[in-house]
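Colleague: Sequence:
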Amino acid sequence: MEKNEARKRVDKLRDLLDQANKAYYQDAQPFMSDKEFDETLKELEKLEREFGLQDPESPTQRVGGEASSVFETVQHPVPLLSLDNTYNEEELNDFDGRVKKILGHEDYEYMVEL
Numbered sequence: 001m002e003k004n005e006a007r008k009r010v011d012k013l014r015d016l017l018d019q020a021n022k023a024y025y026q027d028a029q030p031f032m033s034d035k036e037f038d039e040t041l042k043e044l045e046k047l048e049r050e051f052g053l054q055d056p057e058s059p060t061q062r063v064g065g066e067a068s069s070v071f072e073t074v075q076h077p078v079p080l081l082s083l084d085n086t087y088n089e090e091e092l093n094d095f096d097g098r099v100k101k102i103l104g105h106e107d108y109e110y111m112v113e114l
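Numbering-wise (this note's numbering), the sequence shown opens with residue 1 and increments by one.
What the hints contain is simulated information worked out from the structure, not anything from laboratory work.
None of these values were measured; they are calculated from a predicted model.
The beta carbon of each residue, even a glycine, is placed where N, CA and C say it ideally should be.
Wrong hints could be hidden among the right ones.
Derived Cβ-Cβ restraints for the label pairs, each shown as a range [what the hints assert, rightly or not]:
#: 1; residue 1: Lys12; residue 2: Arg62; range: 41 to 49 Å
#: 2; residue 1: Phe95; residue 2: Glu66; range: 23 to 31 Å
#: 3; residue 1: Ala23; residue 2: Gly97; range: 34 to 42 Å
#: 4; residue 1: Glu57; residue 2: Glu36; range: 15 to 23 Å
#: 5; residue 1: Asn85; residue 2: Asp107; range: 23 to 31 Å
#: 6; residue 1: Arg9; residue 2: Asp107; range: 45 to 53 Å
#: 7; residue 1: Asp27; residue 2: Asn93; range: 32 to 40 Å
#: 8; residue 1: Met111; residue 2: Gln29; range: 23 to 31 Å
#: 9; residue 1: Glu106; residue 2: Ala23; range: 36 to 44 Å
#: 10; residue 1: His76; residue 2: Lys12; range: 35 to 43 Å
#: 11; residue 1: Arg9; residue 2: Gly104; range: 44 to 52 Å
My request is simple: use the sequences and hints to build the entire structure.
Modeller: Next comes the structure, spelled out in structure tokens:
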């Protein structure tokens, strides 16, 4: 891919991800799955890195978007900690192996969203 083509693709991906963030966070009407969003973001990160097209305004440089005022702020009984996304059993088992290595014999529990 030529740099000019990469720049056009990067612009298209940034626009798509900005729209997806707005639809998800502000409009509460997502039009793409989390997996599709993550794959698109990874493609954008790769192109920005390979062609030196990083930009502080890129979706790769920020997390999510401003939440809709429709949603009420709540206190979760269990902290919701963000992890790298896992899409299959093998990735989940790999993650669990890393946790066991760190915690050793300590007891622990997971709370997950499917």
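Colleague: Each of the hints needs a verdict: does it hold here or not?
Modeller: Outcome of the hint check:
1. Lys12 to Arg62: 41 to 49 Å: Violated: the Cβ-Cβ distance is about 18 Å, outside 41 to 49 Å.
2. Phe95 to Glu66: 23 to 31 Å: Given a distance of about 30 Å, which is inside 23 to 31 Å, the answer is holds.
3. Ala23 to Gly97: 34 to 42 Å: At roughly 36 Å between Cβ atoms, Gly97 and Ala23 fall inside 34 to 42 Å, so the hint holds.
4. Glu57 to Glu36: 15 to 23 Å: Given about 22 Å between the Cβ atoms, the range holds.
5. Asn85 to Asp107: 23 to 31 Å: For Asp107 against Asn85, whose Cβ atoms are near 26 Å apart, the range 23 to 31 Å holds.
6. Arg9 to Asp107: 45 to 53 Å: At 47 Å between Cβs, range holds.
7. Asp27 to Asn93: 32 to 40 Å: holds, 36 Å
8. Met111 to Gln29: 23 to 31 Å: holds, 27 Å
9. Glu106 to Ala23: 36 to 44 Å: holds, 41 Å
10. His76 to Lys12: 35 to 43 Å: holds, 36 Å
11. Arg9 to Gly104: 44 to 52 Å: Check passed, 46 Å falls within 44 to 52 Å.
Taken one by one, the earlier hints fail for this structure only at number 1.
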